[in-house]
Amino acid sequence: MAELSDTPAHTPAALRFLKQTANTLLSLLITFTGLLAVTFVIARIVPIDPVMSIIGERATDVQIAAVRAKLGLDDPLWQQFAIYVNDVFHGDLGLSIRTRDPVLSEIGRYFPATLELSTLGILIGILIGIPAGVLGATKPGSFRDQIVRLIGLMGYSMPVFWLGLMGLLLFYGHLGWVGGPGRLDSVYDMMYDMKVTPITHMILIDTALAGEWDMFRNALSHIILPASILGYLSMAYISRMTRSFMMNELGQEYITTARVKGMPERRVIWVHAMRNVAVPLITVIALSYANLLEGAVLTETIFAWPGLGRYITDALLVADMPAVLGGTIVVGAVYIGINMFSDFLYRLADPRAK
Amino acid sequence: MTTLNTWLMDPNPKSRLQSRAAQTWLTWLRFRRNPLAMIGLIISLALIFMSIFAPLLAPYDPITQSLADRLQPPLTPGHWMGTDDFGRDIWSRILFGSRITLYIVLLVILTAPIVGLIIGTVAGYFGGWVDAVLMRITDIFLAFPKLILALALVAVLGPGMVNAVLAIALTSWPPYARVARAETLTVRNSDYIAATRLQGASATRLIWGHIMPMCLPSVIIRVTLDMAGVILTAAGLGFLGLGVQPPLPEWGLMISAGRKFLFEQWWVATMPGLAIFIVSLGFNLLGDGLRDVLDPRSAGK
Numbered sequence: 295m296a297e298l299s300d301t302p303a304h305t306p307a308a309l310r311f312l313k314q315t316a317n318t319l320l321s322l323l324i325t326f327t328g329l330l331a332v333t334f335v336i337a338r339i340v341p342i343d344p345v346m347s348i349i350g351e352r353a354t355d356v357q358i359a360a361v362r363a364k365l366g367l368d369d370p371l372w373q374q375f376a377i378y379v380n381d382v383f384h385g386d387l388g389l390s391i392r393t394r395d396p397v398l399s400e401i402g403r404y405f406p407a408t409l410e411l412s413t414l415g416i417l418i419g420i421l422i423g424i425p426a427g428v429l430g431a432t433k434p435g436s437f438r439d440q441i442v443r444l445i446g447l448m449g450y451s452m453p454v455f456w457l458g459l460m461g462l463l464l465f466y467g468h469l470g471w472v473g474g475p476g477r478l479d480s481v482y483d484m485m486y487d488m489k490v491t492p493i494t495h496m497i498l499i500d501t502a503l504a505g506e507w508d509m510f511r512n513a514l515s516h517i518i519l520p521a522s523i524l525g526y527l528s529m530a531y532i533s534r535m536t537r538s539f540m541m542n543e544l545g546q547e548y549i550t551t552a553r554v555k556g557m558p559e560r561r562v563i564w565v566h567a568m569r570n571v572a573v574p575l576i577t578v579i580a581l582s583y584a585n586l587l588e589g590a591v592l593t594e595t596i597f598a599w600p601g602l603g604r605y606i607t608d609a610l611l612v613a614d615m616p617a618v619l620g621g622t623i624v625v626g627a628v629y630i631g632i633n634m635f636s637d638f639l640y641r642l643a644d645p646r647a648k
Numbered sequence: 155m156t157t158l159n160t161w162l163m164d165p166n167p168k169s170r171l172q173s174r175a176a177q178t179w180l181t182w183l184r185f186r187r188n189p190l191a192m193i194g195l196i197i198s199l200a201l202i203f204m205s206i207f208a209p210l211l212a213p214y215d216p217i218t219q220s221l222a223d224r225l226q227p228p229l230t231p232g233h234w235m236g237t238d239d240f241g242r243d244i245w246s247r248i249l250f251g252s253r254i255t256l257y258i259v260l261l262v263i264l265t266a267p268i269v270g271l272i273i274g275t276v277a278g279y280f281g282g283w284v285d286a287v288l289m290r291i292t293d294i295f296l297a298f299p300k301l302i303l304a305l306a307l308v309a310v311l312g313p314g315m316v317n318a319v320l321a322i323a324l325t326s327w328p329p330y331a332r333v334a335r336a337e338t339l340t341v342r343n344s345d346y347i348a349a350t351r352l353q354g355a356s357a358t359r360l361i362w363g364h365i366m367p368m369c370l371p372s373v374i375i376r377v378t379l380d381m382a383g384v385i386l387t388a389a390g391l392g393f394l395g396l397g398v399q400p401p402l403p404e405w406g407l408m409i410s411a412g413r414k415f416l417f418e419q420w421w422v423a424t425m426p427g428l429a430i431f432i433v434s435l436g437f438n439l440l441g442d443g444l445r446d447v448l449d450p451r452s453a454g455k
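Which chain is which? The protein sequence lines are A and B, in order.
The opening residue of the first sequence carries number 295 in the working numbering; numbering runs sequentially from there.
The opening residue of the second sequence carries number 155 in the working numbering; numbering runs sequentially from there.
Do not take every clue at face value.
Claimed, not checked - DMTMM-like, lysine to aspartate or glutamate: derived pairs with alpha carbons at most 25 Å apart:
| no. | chain 1 | residue 1 | chain 2 | residue 2 |
| --- | --- | --- | --- | --- |
| 1 | A | K313 | B | D285 |
| 2 | B | K414 | A | D395 |
| 3 | A | K433 | A | E543 |
| 4 | A | K364 | A | D386 |
| 5 | B | K414 | B | D215 |
| 6 | B | K414 | A | E543 |
| 7 | A | K433 | B | D446 |
| 8 | A | K489 | A | D479 |
| 9 | A | K433 | A | D386 |
| 10 | B | K414 | A | D386 |
Hints in this document: simulated from the structure, not taken from any laboratory.
The structure displayed is predicted, hence computed values, not measured ones.
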């Protein structure tokens, strides 16, 4: 026993937890710095000369040298990188070439729209994806299993921008069930600034807080189509993984025991098995949430949604590199953050995971 | 035919070729039983057929404009998919577009998996700090959403087909490295590796000749499952105007051209999107079916 006492299993749980968290934070830091290294390299290979874009082409050699020195372009590369990392960690992502505003504060204005859209999307994905996966898993190989599988595979195969256009064509153009591109009808758009105080910058929440229910309904009719499209994408992945986790779980002996005891099948599946399926599903949901950020880039262009994806693509078209790279860093950081957070939740939920 | 069948089904194969052929035949028999996978295979073969014979199959030139015929609806005589805003036959453009799609997919699957395979096997074989460094780099690339990184890369490299391929390849190798490393770790300590090492084989030879072949099945499955993703990313870049440039008939580009008159002339954007959808669905079905027959871990299900 004395030999065993210094194995991690015998250190106090709280300490172990702290140690793991420290490890996670460290690897988060390394990954994030690596991400910055990639954007740093990308920024260095831009064919646009940063000096020329500041002082113009008719500057003298002396002026060019002065600006180069001021920008730190003569310093060794590692030093430039260190300054860059330092800037980013202090929230300085540079100035947008288009607007001359700090990139970070611009992103701060655009991000809530993306967050709202993708959160609604993932909720739709979860609400449809999990029951669909369970439907498939309870009768594997059956007709309904094949249908669920096919619908999922179709979600994987659909170009999201095309799906968005088709959705607009059908539900907005022909049926008129939903609002068109943008977050509000133009009538409400004009009233919005007067009547609603932006608290969260998420339109559904802000209009609800202001008690403007007409406006809320209008905003809902605008967000529902892009959110459903993102929801379909995540539903494809969630249902597929739910199916495979659930099938795995239903083969376990404790399930047989529960059934033999005469427990209703609904309870066996949704209480007993689901509790164990939920743990790996956390990771799956987090991953598809992070992936929705990516899907949002193309969806936002289609739906004229003033979010981060649209910010990046608009900046791309005018070669506004600080904005593009700033957006890339923020998306990457959120992506890493969500992944780490899901790891953390996973450990919290599953005592076996060490 | 019967002799071929008996040769394939011979329980005591007399040559390496015969046993390999028998294995492949058995895999094929299992694959054939899955109707969805067969549909996927047929779609994939149809794509290859279309792209090879595009000049013979296409009724019109994909690029020559004919403004008198602009925006003809589908089922117009001579233009069963209709025409676009320059009067070009959409079916002909889709046929020629299949060449571009296949070309991009081929370039990506000839580069990304190989890079990933090399990095993964080297990391897995040597272990230690080599492994730590290589896998950390892999993780960093995995931490980027693919499309965003591809966008940023194309933004600095400039739009175009080659740069789009480069951007997609640079963002798709990490999963292959992961897969290859995992496979390498399982075979690294096997006896046959030790035996070859004792005979004096170098690390390069061991990795190239004895470890990489073991990683191939999982990598191939991953490739077929990835092809749809490559098509979608390429189409997305084209749609944003960052991939293949006009007047080439790239499918994503065609959708973006049709977007301007979506509500009046719906077919211009719809048809190329259908093509993308069918082809990626085909690859996904094929990959799914291949995984079922090739991957022993999912065989039981």
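Checked hints:
no., hint, in the structure
1, K313(A) x D285(B), "23 Å, holds"
2, K414(B) x D395(A), "31 Å, violated"
3, K433(A) x E543(A), "14 Å, holds"
4, K364(A) x D386(A), "17 Å, holds"
5, K414(B) x D215(B), "23 Å, holds"
6, K414(B) x E543(A), "50 Å, violated"
7, K433(A) x D446(B), "18 Å, holds"
8, K489(A) x D479(A), "15 Å, holds"
9, K433(A) x D386(A), "54 Å, violated"
10, K414(B) x D386(A), "38 Å, violated"
In summary, the numbered hints that this structure violates are 2, 6, 9, 10.
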